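Taken in order, these protein sequences are the chains called A and B.
Under numbering that gives the first Met the number 0, the first residue of the first sequence carries the number 0, and numbering increases by one thereafter.
Under numbering that gives the first Met the number 0, the first residue of the second sequence carries the number 0, and numbering increases by one thereafter.
Heads up, some of the hints might be wrong.
In the PhoX-like style, the derived pairs of lysine-lysine whose C-alpha atoms are separated by at most 20 Å in a straight line are [what the hints assert, rightly or not]:
1. A:Lys38 to B:Lys136
2. B:Lys26 to B:Lys314
3. B:Lys156 to A:Lys151
4. A:Lys38 to B:Lys140
5. A:Lys38 to B:Lys92
6. B:Lys39 to B:Lys314
Coverage of chain B stretches by chain A, computed from C-beta distances (three or more under 8 Å per stretch; other residues unrestricted) [stated by the list, open to error]:
7. 115-124
8. 130-142
Some chain B residues well away from chain A (every beta-carbon gap over 12 Å; in silico) [unchecked claim]:
9. Cys37
10. Lys53
11. Lys177
12. Gly184
13. Met261
These are computed hints drawn from the structure, not numbers from a lab.
Source: prediction; values computed, not measured.
We treat Cβ as the ideally placed atom computed from N, Cα and C, and that holds for glycine.
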Amino acid sequence: MSATKSSDLGLRLRQNMGFAIAVVLFAVVYFLYQLSHPKGFSSQVFVQNSNEVFSLAMLAMAQTVPVLMGGLDLSVGAVMTLVDCLASHVLEGSGWSIFGGIVLCLLTGAAAGLVNGCVVVFGRIQPIIATLATGAIYMGLALFLRPIPGGKINEDINWAMTNSLADFAETVGIFDDGKAPWFQTIAGFPTSLVFLIVVASVIWIPFRRSVTGRTVYAIGSAEGAAFMSGLNIERGKLAAFTLAGIFAGIGGIFMAIQTSSGNADIPMAGAYTLSSIASVVIGGTSLLGGTGGAIGSIFGTLILKVISFNFRIFDIAPLLQPLFEGLVLLGAVSLGALSILRVKNQLELFR
Amino acid sequence: MIKSKFLLPLTAGAALLFATAAFAGPKIVSGPGADPACFKPWTPETKYFQWEKKPGPYRIAIVNGFVGNTWRIQMIKTAKAFAEQAGIKGDIKELKVISTGTDVAAQLGAMEDFINQGYDAIVTIAVSPEGFDRVIKLADKNNVVVVPFDNVLDTDKVMMVNEDQKQLGAMPGEFLIKEIGKKEGKILEVRGLPGNSVDRDRHIGFRNVMEAAGNKFQIVEVVGNWDDGTAQKVTADAIAVHGKFDGIYVQGGTTGVVRAMMDAKHPFVPVAGESENGFRKLVAEHAKDGLKGLSIGQSPGLVAISMKAAISALKGNPMPQLISIPIPGGDYTTFKDGVNYWSNLTDNFFTTNEFAPCGVNISATEIMAKDEKNSN
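Chain A extracted, bound-state conformation:
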């Protein structure tokens, strides 16, 4: 029994080689960073790190879904920016108006994703081109909403979301304002990290297990076979893009909360889209589709970010930092590709 179990584990590890490497690499580099940080392993450092990572992690998850299907979504950065600009208009009030604002932002993200899906499915246009075009439209809408940076977010949401759970509890007024004894063990936890985990487990994991979710994997693996197996291809594609829109929308909401403003920043949207693709690849998802997952992409983002964290501690020439970052990333991706060396049948390489 235990033998089967260990060989079972070995198999799962081999199948998720890229993911495993991403996790280990992140753990090592991050440990190094925390160890050398004057305030290493303190709540403040964790809070700062997870705030910085949250939006990109969301975009990485957003990007994962179309990539699993064998496509690319070049509009995720634009959807994030659009929702960011919208949020800077609708998250200023209080109480129910904020709740309504968040729902509106999520719906906007979902709608943007659904439009992408419709263009791809009904327009029969390659995802990469379709989303390039729709991304420009979303960017235009974002500029319409915020021609110049500005806006305001309710200060308390800003405070609650970008600090530790203790501050969150105190601001929202739960658990005796965060002073309940049992709560102290987790009080130093970053709120944004908790939300990241919640989003991943409440949205991604059930989706992956659903028929629609598995359809997305099947499309990326072999679209023809998936169709012949009677899977609803159109629904799978629409769902994939819509989910990407929702994730990107959550990223946009957090971006607005974090910066207390909206900014239709075109270079930044582009940079986020590119980084999201990089995160997906580093996290072990194949750009050809069919294998990988959003959790891996989160770790991809973490690696991407943790490299630049180290620039703040260690002495690396400022103008050489991009080169250094590129080398580490290339190394990470190459490690993931090592499994190719053990391929028994060369035909597998064409997958």
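Position chain B relative to chain A; hints supplied.
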């Protein structure tokens, strides 16, 4: 997750938090501040900040955003060269320079990280004019001096350093009127990046002077994106269409504009432009033929003034909230090889690195000699 009860208790809880935060940070005091010739308040109404005096030497971090054009690279080299100069070296224990790209979350994160690491001052070129409230709050709480310069923030809660962009537009206007010698003629205005506040302000400053009552200038406007190649092309087109101009104002890419003029065999006329080394070389060579040049600009050396301002603030001196740096530059009568332009350096080196009122002068050789070692 966010229900109606969200708002009620927060006033109490958060107000407490914000209240404690409000006690830290700079006190608002009345002027005058330290070294008023260098740290000139933007307007007479500018308020003054005073931080608690900290013992030196200090740890200073420079959080740059975008990197990849010569201006930014020269800025980084200038910061390092300045930190090595006598008189400053003793005040700086550690200087760290990082670039975060165009990502505002990364820039906020880096600044917060340096606050957590216990740095005393953070000098930054903001990637966005908004969104720094949280970092400013944290910096105030920890008595860290944050100094945005060049691209500054839309807030009056931090000390900032910049040059007056409207003045940078007005000075070329005054120069052209003086050199042309009459109040009429055809002028070419080569603008910068569309949509940028710097482009807008310089344009307004220029037009205010040129279009003052009694002037009858005909101004042709083209967009040069502050780039030599683009500026050269649009100038060539403008000369082809309009024939002869009596004067030219260039926001950036001046070397390209002068080359376009020479290629088209356009007679030399007064040109007011940026501080590129190439432009000054050409002016020095052709001034006697009529290429009378004014060369002023946004200097990468602003970083040095910002560091100096941060150190002054850490020493407990009252400082203006918004500091206007005297605009560095010169005209064809003052250019001297090896002093304010360098015939042996590249065309796109920015020449303006001396700020006489501040006692700051970083020579070209000092800047270029600096390799990119991260720490001093």
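Results of checking the hints against the structure:
1. Among the hinted pairs, Lys38 (chain A) with Lys136 (chain B) is consistent with the structure: their alpha-carbon atoms are about 19 Å apart, no more than 20 Å.
2. Pair hint Lys26 (chain B) plus Lys314 (chain B) holds up; C-alpha atoms about 14 Å apart against a cutoff of 20 Å.
3. Note on Lys156 (chain B) and Lys151 (chain A): the hinted pairing holds, with a Cα-Cα distance of about 16 Å set against a maximum of 20 Å.
4. Distance restraint check for Lys38 (chain A) and Lys140 (chain B): the Cα-Cα separation of roughly 16 Å lies within the 20 Å cut-off, and the hinted pair is therefore satisfied.
5. Only pairs whose Cα atoms come within 20 Å are accepted, and Lys38 (chain A) paired with Lys92 (chain B) is accepted, the gap being roughly 19 Å.
6. Restraint check for Lys39 (chain B) and Lys314 (chain B): satisfied, since their Cα atoms lie roughly 18 Å apart, inside the 20 Å limit.
7. Interface restraint, the stretch 115-124 of chain B with chain A: holds (3 residues with C-beta to C-beta distance below 8 Å; minimum three).
8. Counting residues of the stretch 130-142 of chain B whose beta carbon lies closer than 8 Å to any beta carbon of chain A gives 4, which meets the minimum of three for the stated coverage.
9. Residue placement check: Cys37 (chain B) keeps its beta carbon more than 12 Å from all beta carbons of chain A (closest about 26 Å).
10. Remark: the non-interface label on Lys53 (chain B) is consistent with the geometry, its nearest Cβ contact in chain A lying 17 Å away (cut-off 12 Å).
11. Listed as outside the interface, Lys177 (chain B) is consistent with that label: its C-beta sits roughly 35 Å from the nearest C-beta of chain A, beyond the 12 Å cut-off.
12. The Cβ of Gly184 (chain B) sits about 35 Å from the closest Cβ of chain A, beyond the 12 Å cut-off, so the non-interface label holds.
13. Chain A leaves Met261 (chain B) outside its interface by the beta-carbon criterion, the shortest separation being 34 Å against a cut-off of 12 Å.
Violated hints are absent here; each numbered hint is respected by the structure.
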